[in-house]
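**Student:** Okay, here's what each chain looks like letter by letter:
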Amino acid sequence: EPEVTQTPSHQVTQMGQEVILRCVPISNHLYFYWYRQILGQKVEFLVSFYNNEISEKSEIFDDQFSVERPDGSNFTLKIRSTKLEDSAMYFCASSDYGANQPQHFGDGTRLSIL
Amino acid sequence: QRVTQPEKLLSVFKGAPVELKCNYSYSGSPELFWYVQYSRQRLQLLLRHISRESIKGFTADLNKGETSFHLKKPFAQEEDSAMYYCALGRGGATNKLIFGTGTLLAVQP
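From first to last, the protein sequence lines are chains Y and S.
For reference, each letter of the first sequence is one residue, going 1 to 114 in our numbering.
For reference, each letter of the second sequence is one residue, going 1 to 109 in our numbering.
Pulled out of the complex, with its shape left as it was, chain Y reads as follows (with noise of 0.2 Å):
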């Protein structure tokens, strides 16, 4: 069964470094997202990507974050100037065409911000 796939697993970075998170959602979706989960918190939406371009952001995504389709399989999230609070696991998910299709999730990546 296809699988939207996650790298890396656990990321490790100074604050006011720039981190990239990346993924490869399932290669027939069309739609892609970024969730968050702070330890102990519930998953966040962050931002949703249609036909290469941003269709929802919340009101987390703010400036410090981009997301960016490079190419034809890789989808990723890029956090400028991170603070420590920006620490917590990061779910890519993607899903097909249509209202309300199921949403498959990646393993996540964990972020530590230091």
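These are computed hints drawn from the structure, not numbers from a lab.
Keep in mind the model is a prediction, meaning the values are calculated, not measured.
Some hints could be false.
In silico BS3-like cross-links for lysine-lysine, where the CA-CA straight-line distance does not exceed 25 Å [claimed, not checked]: (1) 8/S x 72/S; (2) 57/Y x 83/Y; (3) 56/S x 14/S; (4) 56/S x 72/S; (5) 64/S x 14/S; (6) 8/S x 21/S; (7) 64/S x 42/Y; (8) 42/Y x 8/S; (9) 83/Y x 14/S; (10) 21/S x 42/Y; (11) 57/Y x 42/Y.
Quick list of simulated restraints, FRET-style, between CB atoms [what the hints assert, rightly or not]: (12) 28/S x 69/Y: 27 to 35 Å; (13) 16/Y x 79/S: 18 to 26 Å; (14) 70/Y x 61/S: 42 to 50 Å.
All C-beta atoms, glycine included, are put in the ideal place defined by N, C-alpha and C.
Given the structure of chain Y, go ahead and fit chain S onto it with the hints provided.
**Tutor:** Structure of chain S alone, referenced to chain Y:
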């Protein structure tokens, strides 16, 4: 728009019935999902209300009057131990999911 899972932990014995509670608030027509996360594994879709199916013995019925989507299983198994998340989909182009805080189900032998 909110999803509420009132129980952080639900501990039952093997063979006992299970009900994981989920309530939502949404003014539109909701799409509800249950996701499960087994230890050290990814979030996996367990059920969606629109399909009205039973997966691994679990069922969930959308009750619009009570704005609930409780997850039920008549006889719990040890392998059901996991974190369960209820999620609300708003529809439309973005398909954004709003998650509850999750309930940890612990099935004791």
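**Student:** All hints are to be evaluated individually against the structure, with a verdict given for each.
**Tutor:** For each hint, the structure was consulted:
no., hint, in the structure
1, 8/S x 72/S, "holds (16 Å)"
2, 57/Y x 83/Y, "holds (20 Å)"
3, 56/S x 14/S, "holds (15 Å)"
4, 56/S x 72/S, "holds (11 Å)"
5, 64/S x 14/S, "violated (31 Å)"
6, 8/S x 21/S, "holds (10 Å)"
7, 64/S x 42/Y, "holds (24 Å)"
8, 42/Y x 8/S, "holds (11 Å)"
9, 83/Y x 14/S, "violated (44 Å)"
10, 21/S x 42/Y, "holds (16 Å)"
11, 57/Y x 42/Y, "holds (17 Å)"
12, 28/S x 69/Y: 27 to 35 Å, "holds (29 Å)"
13, 16/Y x 79/S: 18 to 26 Å, "violated (44 Å)"
14, 70/Y x 61/S: 42 to 50 Å, "holds (43 Å)"
When each numbered hint is compared with the structure, violations occur for hints 5, 9 and 13.
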